[in-house]
Amino acid sequence: MVGVIPLSYYLAISAVLFVMGALGVLVRRNPLIIFMSIELMLNAANLAFLAFARALNVLTGQIFVLFVMTVAAAEVAVGLALIVVIFRTKHSIDVDLMSSLKG
Amino acid sequence: MNFTLILFIILAVVAFASALGLLVSRNAVYAALFLVLNFATVAVFYLLLGAPFIALAQVTVYAGAIMVLFLFVIMLLGAEKLPKGQVLPWQRPLAIGLAALLLAEAGFLLFQRLRLTASLSNPDASVNTTEALRTLAVTLFNQYLLPFEVTSVLLLVAMVGAIVLTKKEKGEEA
Chain A
14 MVGVIPLSYY LAISAVLFVM GALGVLVRRN PLIIFMSIEL MLNAANLAFL AFARALNVLT
74 GQIFVLFVMT VAAAEVAVGL ALIVVIFRTK HSIDVDLMSS LKG
Chain B
25 MNFTLILFII LAVVAFASAL GLLVSRNAVY AALFLVLNFA TVAVFYLLLG APFIALAQVT
85 VYAGAIMVLF LFVIMLLGAE KLPKGQVLPW QRPLAIGLAA LLLAEAGFLL FQRLRLTASL
145 SNPDASVNTT EALRTLAVTL FNQYLLPFEV TSVLLLVAMV GAIVLTKKEK GEEA
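In order, the protein sequences belong to chains A and B. Using this note's numbering, the letters of the first sequence correspond one by one to residues 14 to 116. Using this note's numbering, the letters of the second sequence correspond one by one to residues 25 to 198.
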């Protein structure tokens, strides 16, 4: 049969992308790149949703991906607004400087 | 070795490489462009999975709207590069160790526990018809109508929140 890919391949690439996003959140100190890593993780989850939707032959996975995209867009809008405000008060956006609440 | 598998492997390599580029690039603009490439390859994965509508939404919403917002903020703040601050010596090894652990867990779950045997064949031409799109829309606007309305409220809240957060207080110097 032509053109058959096991479901586990898709889930494996999804897992790898998710782990790379998590690694980005852990090691980078530029909050903009941390945000991009979060987007990468959301994207990996979307890929898993669609792979399962295709395997189980249901549409629900596609609907959920639409919702995840909406949440990602809202998250980016608010997050970038926060970064702009932090830059205005601290004149830098290094995450190490965001420690005003530290006891 | 069939054609789809070769395509899949090429896409997987590009997706992995662009995610790696996002992780290691010093310049935030390069990181954003690597992420655009990653979103584009994932959109092709969506096409392979028989979801053309989601693939195009991915390109317009993620690679279009969200990344333009990112690039705008990067250039507005001049945050392409951050000055080198103090580096915690144990941070990077610890993070890589934790990520490796997470990946090992995912691999164990996928290939030892679940042992998924399902295979996904290529989507046939029926996913490109308006009928397929209509089925998606009917599901969205009947079964999932309430969540759909809630997302519209969520977008409104995010919009108001972003405006209120960045608004200058009265009498504050620009």
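Treat the hints loosely; a few may be bogus.
To be verified - Each pair of labels, with its calculated beta carbon distance range:
| hint | chain 1 | residue 1 | chain 2 | residue 2 | range |
| --- | --- | --- | --- | --- | --- |
| 1 | B | Phe165 | A | Asp109 | 45 to 51 Å |
| 2 | A | Thr73 | B | Ile120 | 33 to 39 Å |
| 3 | A | Pro19 | B | Leu71 | 35 to 41 Å |
| 4 | B | Pro117 | A | Ser105 | 45 to 51 Å |
| 5 | A | Pro19 | B | Leu170 | 19 to 25 Å |
| 6 | A | Asn70 | B | Pro113 | 18 to 24 Å |
| 7 | A | Lys103 | B | Val177 | 42 to 48 Å |
| 8 | B | Thr153 | A | Ser105 | 49 to 55 Å |
Stated by the list, open to error - With a cut-off of at most 25 Å between alpha-carbon atoms, the simulated PhoX-like pairs for lysine-lysine come out as follows:
| hint | chain 1 | residue 1 | chain 2 | residue 2 |
| --- | --- | --- | --- | --- |
| 9 | A | Lys103 | B | Lys191 |
| 10 | B | Lys108 | A | Lys103 |
| 11 | A | Lys103 | B | Lys192 |
| 12 | A | Lys103 | B | Lys105 |
As the list claims (entries may be wrong) - Derived coverage of chain A by chain B (criterion: at least 3 residues anywhere in the stretch with Cβ under 8 Å from a Cβ of chain B; other residues may be distant):
| hint | region |
| --- | --- |
| 13 | 17-31 |
| 14 | 34-41 |
| 15 | 54-64 |
| 16 | 77-86 |
| 17 | 94-100 |
If you are wondering where the hints come from, they were derived from the structure by calculation, not from laboratory data. It should be emphasised that the depicted structure is a prediction, and the values quoted were computed from it without experimental measurement. Where is the CB? At the ideal position from N, CA and C, for every residue including glycine.
Right, here's what the structure says about each hint:
One distance hint, 45 to 51 Å for the beta-carbon pair B:Phe165 and A:Asp109, holds here, with the actual separation near 47 Å. Between A:Thr73 and B:Ile120 the beta carbons are some 36 Å apart, a value that agrees with the proposed interval 33 to 39 Å. For the pair A:Pro19 and B:Leu71, the supplied restraint of 35 to 41 Å is violated, since their beta-carbon distance comes to about 18 Å. Checked against the hint of 45 to 51 Å, the pair B:Pro117 and A:Ser105 fails, with Cβ atoms roughly 26 Å apart.
Separation of A:Pro19 from B:Leu170 is about 36 Å and departs from the stated range, judged on CB atoms against 19 to 25 Å. The beta-carbon spacing between A:Asn70 and B:Pro113, approximately 51 Å, falls outside the hinted interval of 18 to 24 Å. A beta carbon spacing of about 32 Å between A:Lys103 and B:Val177 contradicts the range 42 to 48 Å that was offered as a hint. A C-beta distance of roughly 53 Å is found between B:Thr153 and A:Ser105, which places it inside the suggested range of 49 to 55 Å.
The straight-line distance between the Cα atoms of A:Lys103 and B:Lys191 is roughly 17 Å, inside the 25 Å bound, and the hint therefore holds. Distance hint between B:Lys108 and A:Lys103 is fulfilled; the C-alpha atoms sit about 17 Å from each other, no more than 25 Å. Between A:Lys103 and B:Lys192 the CA atoms are separated by roughly 15 Å; this keeps the pair inside 25 Å, and the hint holds. The suggested pairing of A:Lys103 with B:Lys105 holds, with an alpha-carbon distance near 16 Å, which does not exceed 25 Å.
Here's how the region 17-31 of chain A fares: 14 of its residues keep a CB closer than 8 Å to some CB of chain B, so the rule of at least three is met and the hint holds. Under the rule that three or more residues need a Cβ within less than 8 Å of chain B, the assignment of the region 34-41 of chain A holds, with 7 such residues. Counting residues of the region 54-64 of chain A whose CB lies closer than 8 Å to any CB of chain B gives 5, which reaches the minimum of 3, so the coverage claim holds. Residues of the region 77-86 of chain A lying with their CB closer than 8 Å to a CB of chain B number 8, which satisfies the three-residue condition for coverage.
Against chain B, the region 94-100 of chain A contributes 6 residues with a C-beta closer than 8 Å to a partner C-beta. That satisfies the three-residue criterion, and the hint holds.
Hints 3, 4, 5, 6, 7 from the list above are not met by this structure, while the remaining hints are.
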